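These protein sequence lines map, in sequence, to chains A and B. Plus 1 on top of the position in the first sequence (first one is 1) and you've got our numbering. Plus 1 on top of the position in the second sequence (first one is 1) and you've got our numbering.
These aren't lab readings, by the way, just hints derived from the structure by calculation. It should be emphasised that the depicted structure is a prediction, and the values quoted were computed from it without experimental measurement. Incorrect hints may appear among the rest.
[Unchecked claim] Using 25 Å as the maximum straight-line C-alpha spacing, the simulated DSS-like pairs for lysine-lysine come out as follows:
id, chain 1, residue 1, chain 2, residue 2
1, A, LYS70, B, LYS102
2, B, LYS127, A, LYS110
3, A, LYS127, B, LYS102
Number of protein chains: 2
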Amino acid sequence: MELSNKTEIIGSMLLKENIKPSYARIRIMEYLLSRKSHPTVDEIYTALVKEIPTLSKTTVYNTLNLFVKSNIARVITIEENETRYDADMSCHGHFKCESCKAIRDFSFKCAAIDTSDLDGFLIREKNVYYYGLCPECLASESQD
Amino acid sequence: MELSNKTEIIGSMLLKENIKPSYARIRIMEYLLSRKSHPTVDEIYTALVKEIPTLSKTTVYNTLNLFVKSNIARVITIEENETRYDADMSCHGHFKCESCKAIRDFSFKCAAIDTSDLDGFLIREKNVYYYGLCPECLASESQD
DNA sequence: CATATAAACTGTATTGGTTACAATTCTATT
DNA sequence: AATAGAATTGTAACCAATACAGTTTATATG
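Input sequences plus hints: build the corresponding full structure.
Structure, rendered in structure tokens:
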């Protein structure tokens, strides 16, 4: 069956990182994986509290911090006031449309960035953020 | 003389953006340009209030927001809790050492990032953040 | 099965960076 | 000198994030 299968996959993913796969943790990771929108703590909490009435916002914070420390999620600081989270750990960039505020992924070749300036540095993580206008907002702006 | 020359250069830079070159604004921009450390609001305020006793933290916030809006400074969201500012508008990345917390610039070829995923998008700004360990911290860690 | 121990979760209080806003001071023009 | 407009100031408020202590849940052991 679909649900238990997904639960098992996420559960074993968490166990691999020595994280006890509690219900809240599984649901939070499932939510993260199912959204490419890189949700905020508030979005995650608001969505999940409908199905998990006892859920606390602190638990969402604790869980996400745990995921980040275990390298199965990462922080997206593309916005100045609010932190977003992403469970896609592959190399990709984030584009934020300054008009509609939507954030979308884009791929690029990580190795293509020449970092000879950082010879001798250990690079653990790369975050690439682009800002501008998406095609939809570009079109609607040119109509004004 | 040195100071008035610098003041004039920064003053004309501000005028070009239709920003009245007040004393506070000139000093804040001068501080930004002289530091490669990408200071926080608190650092700027603490440093300048010694010489400008009437300076208010709100003025630092207002001024930096004005600079960012006018595209003569940019926001660095390399840290989760605090915003940093950079007056170097050329294409470069920022590396943060997770051990000593130092932030340093590195250069890379902006055009080298293939963004075919973003065809049709208007890209206004690019921020590249790397995290890891600097050579000094790497050396001291391996001694443990 | 019951009990003990640790881990996970919860709710509230607190912190700290940032903004809102009204009052004050400064600047420029007549 | 007087006035208008802009810049600056200081306080209050906002809100994302964390600290913390109490509660619940899960696991292990007898």
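Status of the hints after comparison with the structure:
no., hint, in the structure
1, A/LYS70 / B/LYS102, "holds (17 Å)"
2, B/LYS127 / A/LYS110, "holds (16 Å)"
3, A/LYS127 / B/LYS102, "holds (16 Å)"
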